[in-house]
Amino acid sequence: MSLYLDQIRAIIWKDLLLELRTRERIAAMGAFAVLAGVLFNYSLDQARVAPQDVAAGLIWMTLVFGGLLGVGRTFYLEAQDGAMEGVLMSPAPKDAVYLGKTLANFALLFPVALLILGVFWLFFGLDLGSNPGILVLALGLGALGFVALSTLFAAVSSGTHMGETLLPILVFPLLVPMVVYGVGVTGRIMVGRPVEEVLGNVRLLAAFALVALAAGAVLFRFVVED
Amino acid sequence: MELATESAPAAEATQTVIEARALVREYGPVVAVDGIDLALGEGEFLAIFGPNGAGKSSLLGMLGGALRPTSGEVRIRGVPLDFSAGAWRRRVGVLSHKGFLYAHLTAEENLRFYGRLFGLKDLDSRIPERLARVGLTNRARFEVRQLSHGMRQRLSLARALLHDPDVVLLDEPFTGLDPSAASVLRDVLRELRDGYRTVVMVTHNLSEGLALATRVTIQVEGRLAWEGPTTSLEREGFEGFYHKVVEGRT
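Just so you know, the protein sequences line up as chains A and B, in that order. Under my numbering, the first residue of the first sequence carries the number 296, and numbering increases by one thereafter. Under my numbering, the first residue of the second sequence carries the number 61, and numbering increases by one thereafter.
For reference, chain B alone in the conformation it holds in the complex (with noise of 0.2 angstroms):
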């Protein structure tokens, strides 16, 4: 296994589609991401390790325009992202540890709202054929609130891919899913990834990890403190290689 602590050689180049430029989040004196560079491009998978308060979830809030960086930008196909206009959110896809589900609304009814505040058209073919997807059309009138935890979790997918995004961000998506939602989750991932799309994942989860992404990267202390391509992982020693990078840095 490779040990450098600098980045491995890049992937196959392909269009950039979202890239982090010097990328910086501060809470007051804590700095959270710390001048981070970042380039994907189509059908890239990422996957981001690291231990927890590294600023993983910064990192992918800032990605995904929920929160402002201090200092940075990021750059969805060539274009700043302007927090005063929304038309770039189209693009971006979120599923985050919440499920940003409305409990006493069905799946229908949260995945017909969500559609109308992306100014999708054909919701009536859409929502049965994103419940599908995910497995839940037997649910589709079930309030969120008689959905287990699985359940929504899928459900919260299915949001997040609903408006077709370029980009896809998820943030500990395997977190309490049993293993068949993690089925789930894991073959609409894979179909994301073989579709071009592109994909930023952070986890604690070496094995999905490692079996999804085409890059990963180990952020540390708000730093990419190592970046590569998984072709070049052998992932028995992985965990090893992990371990070193995190406690060399900490």
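If we strip away everything but chain A, and leave its shape as in the complex, we get (with noise of 0.2 angstroms):
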């Protein structure tokens, strides 16, 4: 178990130091996510359009458009010099390995999160209730679900000659619940709604993510195998 966790723990490692010496993914999602809170605060008329009553969707749409610019590149350092043929021949799991990668995702994906929330309260002056941190792990739960179904995903269709371009036709459906329950959380909380009002959906968002996860773990080695 202990070795089943290091490799994971590798895995993530590698990851994360390549986006540091790269920043190729962070930067995309992060520069996104602020053009995209600047556009959608130029695009709404407030005098007619309450930001409160539009904004849970909105950030949520960022937040799914702005990870598939990362995650749609998650396997994109692996191709080059045959690296993940690599990984794939050493003893790791292949779950490890999805695991790793998925984690790793997760560990760029939510400080972008973070930073749409932050955002959204600059440019559309947003209450995020009295208790935003209810706000915060429904955007966590979020983006673990999203992390592992998109990371799954970009290894199908890295394998393809679509490439990218295949990730959101694989992902956007399957993404619906994930928004529906996230949206549903955020905008009740954003409103003033008591948090027991919203923890059904946070639960579900937590099922969600963890179904995922599973089905991830289990699908990924029939994606990468040959």
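Keep in mind that the hints are not guaranteed to be accurate.
[As the list claims (entries may be wrong)] No farther apart than 20 angstroms at their CA atoms in a straight line, the calculated lysine to aspartate or glutamate pairs in the DMTMM-like style are these: (1) B:K181 - B:D226; (2) B:K158 - B:E168; (3) B:K181 - B:D231; (4) B:K158 - B:E203; (5) B:K158 - A:D376; (6) B:K158 - A:E520; (7) B:K158 - B:E287; (8) B:K158 - A:E380; (9) B:K304 - B:E287; (10) B:K181 - A:D301; (11) B:K158 - B:D231.
Keep in mind the hints are simulated off the structure, nothing from the lab.
Since each chain comes alone in its own frame, lean on the hints to assemble the complex.
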């Protein structure tokens, strides 16, 4: 078990170190988050549309689109010089490789999710309600479910000639429940509804993330094995 | 020179380390490997020659567990390769024409990463020793993208041997190497052979293959058209013999 955990840690260490050196994905996701917030700010007539009414949907869509920019390239550096082939020829179980890459992607996406929340708070003048912790929890669970699915499908799309362009087509339909639960939590908390009213959706977000992680761990080997 | 197209007498028998039985690999209608049987013992070094498209890399891929055979099986020390388990992969080291290296990690970081995947505990001592063995001690902290092709190839060799595999599989290891890098590679391969490792090398380089190998085989259209020990070969005549076998089959 300790070897299994160390193999997962090795994948996370390697992915985060590569990101630290290249800064490709975090820069793309961060810039997208800020630019999307700015553009949405100017695209809505706030005299007719209350930001509080639409911000939840915009936050989650920014997370999904911005996240795809980063996660979509998760296998790009692996493809260079056949590095992924080397990893797959090591004794590391395929599910450990998947979990390592997924958790590394989560470590990159979660700060971006917080950045998105901050950007919308700044530009839309949002009231984050009396329980911003629940918002952060919901975004964290949503980000985990998102990376669990999109890492798996990034492996699928990286093996096709369509590459990253195929990823949204594959993954968007499966993200509908996550977006529905996430928008439900975010919207209600931001208009000051009690926490008890959103706990069901938070649990559903957690269940979605766990099911996506388990499915990804089981299915990843069928995607990457010859 | 023996011009028989059947297998020459086998080399001195040793305990079988890697064995292929009726190995077949198909890519749609194309049969890349067509029923190959092979058995190699400790200290045996097999060089596989053959024209492009003969299925040499596919054979190597199946021996190393990178490719799943369409039919047939590979055994390492008598145990069939199980793709759902990874323990047997500790016995195999692969040096492909791809380096399996991360360009933005340093030489030392690449080895540390692979060492952790293989569950190696003594990396602090093992990595400097491996880097010294391939002459890259002073490049340990260089990112791979800053290294020359020859240095990358040597680092790939260090990666392939990091976990002391019983079986080493090499796909065109001399391609693009300068004389200095080729010399380092040659020395390491000799050490492996003399240290009773089992080595399979796919190459177009007849002179390197004949100098290092204890057995040679010629693969044509997915089959081993000729196989025999290097002791029975006259090196000067082998090139002509090779062309005769290849052209006679194609």
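To see whether the hints hold, each was checked on the structure:
1. B:K181 - B:D226: The hint holds at about 18 angstroms.
2. B:K158 - B:E168: 18 angstroms, holds
3. B:K181 - B:D231: 28 angstroms, violated
4. B:K158 - B:E203: With a Cα-Cα distance of about 17 angstroms, the restraint between K158 of chain B and E203 of chain B holds, given a limit of 20 angstroms.
5. B:K158 - A:D376: OK: K158 of chain B and D376 of chain A at ~5 angstroms, within 20 angstroms.
6. B:K158 - A:E520: 18 angstroms, holds
7. B:K158 - B:E287: Status violated; Cα separation ~27 angstroms.
8. B:K158 - A:E380: Holds - the C-alpha atoms of E380 of chain A and K158 of chain B are around 9 angstroms apart, at most 20 angstroms.
9. B:K304 - B:E287: 14 angstroms, holds
10. B:K181 - A:D301: 11 angstroms, holds
11. B:K158 - B:D231: At roughly 9 angstroms apart (the allowed maximum being 20 angstroms), D231 of chain B and K158 of chain B satisfy the hint.
Hints 3 and 7 from the list above are not met by this structure, while the remaining hints are.
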